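Number of protein chains: 2
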Amino acid sequence: MARYIMKFGGSSVATVDHIRAAAGVIARRKREGHEVVVVLSAMGDTTDELLAKAQAISPRPNPRELDMLLSSGEQVSIALMAMALREQGLKARSWLGHQVPIRTDSVHAKARIEKVETARLEAELAADVIPVVAGFQGIDPDDQVTTLGRGGSDTTGVALAAALKADECQILTDVDGVYTTDPRMVPQARRLARVTFEEMLELASLGSRVLQIRSVQFAGKYNVPVRVLHNSGEGEGTLISYEEPDMEAPVVSGIAFSRDEAQVTITGVPDRPGNGYAILNRVSEAHIVVDMIVMNAPRSGLVDFSFSVPRDEFEQTMELIRSAAAEIGASDVLGSANVAKISVVGVGMRSHAGVATTMFEVLAREGINVRMVSTSEIKISVLIEEKYLELGVRSLHEAFGLDRAPSHAK
Amino acid sequence: MARYIMKFGGSSVATVDHIRAAAGVIARRKREGHEVVVVLSAMGDTTDELLAKAQAISPRPNPRELDMLLSSGEQVSIALMAMALREQGLKARSWLGHQVPIRTDSVHAKARIEKVETARLEAELAADVIPVVAGFQGIDPDDQVTTLGRGGSDTTGVALAAALKADECQILTDVDGVYTTDPRMVPQARRLARVTFEEMLELASLGSRVLQIRSVQFAGKYNVPVRVLHNSGEGEGTLISYEEPDMEAPVVSGIAFSRDEAQVTITGVPDRPGNGYAILNRVSEAHIVVDMIVMNAPRSGLVDFSFSVPRDEFEQTMELIRSAAAEIGASDVLGSANVAKISVVGVGMRSHAGVATTMFEVLAREGINVRMVSTSEIKISVLIEEKYLELGVRSLHEAFGLDRAPSHAK
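Just so you know, the sequences run in chain order L and G.
To convert, count from 1 in the first sequence and add 606; that's our numbering.
To convert, count from 1 in the second sequence and add 606; that's our numbering.
Heads up, a few of these hints could be off.
[As the list claims (entries may be wrong)] In silico DSS-like pairs for lysine-lysine, Cα to Cα no more than 27 Å straight-line:
1) 716/G to 659/L
2) 716/L to 659/L
3) 659/G to 697/L
4) 697/G to 716/L
5) 659/L to 659/G
6) 659/L to 771/L
7) 697/L to 993/G
Derived from the structure by calculation, the hints contain no laboratory data.
Note that this is a predicted model, so its numbers are computed, not measured.
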């Protein structure tokens, strides 16, 4: 007997029929003799619909009231799921954040879970009841309803798994696992049997939107094995866990990419302390998230400074940077909104040199110019012209042997 | 400065535009210098839509889960209202049943309020904040979400008014008050400036569906003046309160009626103790509500026994009574689903004889046969053929002078 958290996202509980189907999957797991705690998101587009209502009333809705509003969505899905499980002849009861309780800090719209009280849920499990818990929501020390931010139900699932010492937190979704890259772009993409938390962080943040990034950090911190599984509950999915000592990690696990990129370059910046700050501060004060940052070595006392931002903030960034350039006496501001990012990710990279070499070699062979590079311990990202994105991803996917099952995989 | 509870029903907050309009009405009251606590129902048909979802999953949804589901509706309306009030430049915060808290017993779907804690709401009022409270919901001693039954938001409003010692509980709705009878049937119907709690109970239970009957009982018990007002907040509406000593009550305040009636008569019942019970018990065990009951004096050791039931339970009642008749040796079972009830209501009746006389005289003059009669201290009800309903109501409305303003009214 194992103890599982089973988390279903909005698309998996979008309609009454979806809820009924998910209840069947849960019932099967339960009848296999396991303990199950269910965590749900709101049905389908509920959250977006509620958000639209709020914005029709207030251009910038009060965060406390927005949390009150949005947290109603999960209340609906958990109640219906408890009913559906009862129809399956099982004992089930729904639980809100304040009832568990799931204690958070007081930062509305992006609260952090501080503590999950387990007494109530343990009592339910001991009584053979399936607790159905509202994802995304919690309660602060003053009894105020809080929410954990977009995709927060994943975090709820992982937090419950950690608190209840579950064997796995299963994330049931409309794909059957984490892939070496997007199968819609590369038909040869392969499901990964395992990835590490670190790899998943890089893959998630780069566009493989299977899991909320915060939930992966959380899972890593508390060492909660997370399994991404298809809605149907069938298959092995992808297990996200720590690297095991006996596991011969592949050099590269996957290739992530993102189209929504833009590049801004400011040339001829006088090489004085504070100029880098003057540029970036302008952007970050406007709440624009800067991703890659590159500055070359000074030449004749001048440096070029490049960075990437989300594409839909390109115009605003260009404006901000033009005015900054004037102030600090830079020569020119250049930019392109037609760029994309490719990232090669793998924990095996740590002990293998040559990944960057292979990457540049492949891109050069295909005639793809690299406009910017950034690296981390387990990732190399490049910014290229968007029109080469598919070619780049496919070539790299093949070059790193991702279309063949790695030797260590079952 | 007065302290008001302002309760808006579902049709008054049906859309974002309705909510914005209601916020305007609340803001006006607040700017007049009054303290305001808002109580809301769910938006429009939300509750029915949620109920339909529940029934698609389970023919008889678990009451605890149904309360969990349905109470989400008010959470949406209060959050949006708090946002709308803030857009008006006012301080406002929404409050759920468990946050106030509004403590109830544990009877799901028809919980009774046991206590409203006022510390939090008083603190909000002291800080010049408008609390926006979810109607219909509460929390039981085990932290379980409960609901108060259909129209329970009225009860929430009255309970808050009692606990907070408000000057009035204002029920804002799509009519501008309580009328002497339904204006759609009798164009001469007049808005009543005042009615007593007792009259309102008789009028509400007989079809003037302005207020939930339980909220009126509650208001009477705690002597909370209730004012039925138009959504727009304009006009005087109808004040529901205790009869004042100096108030010369009109003999008849209003005429209520109901079409959804059916009559069942069982003839030639042997006049033995227990036969009445044998008949009625059969019906009440099937959860059919019996309204009027009439038994004539025995003749040759036999009695006729008549009662009325809701029309949609007529067929089932006839079946039950036919089998009961066979068992107790009654002669025959007769019935009609084409009957309607007219009730003449007024506290002044207590001290005035002759209301029944006038009533029978008027009905006889119009050729309307009375099939059944029942009386209470402040009400006389008759069952007649449905086709005479309009004629009966109009004739009685005129005969009791209800189309003229009474002498004591302003």
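Hint check:
no. : hint           : in the structure
1   : 716/G to 659/L : 30 Å, violated
2   : 716/L to 659/L : 20 Å, holds
3   : 659/G to 697/L : 20 Å, holds
4   : 697/G to 716/L : 23 Å, holds
5   : 659/L to 659/G : 21 Å, holds
6   : 659/L to 771/L : 39 Å, violated
7   : 697/L to 993/G : 52 Å, violated
In the structure shown, a violation is registered for the earlier hints numbered 1, 6 and 7, in ascending order.
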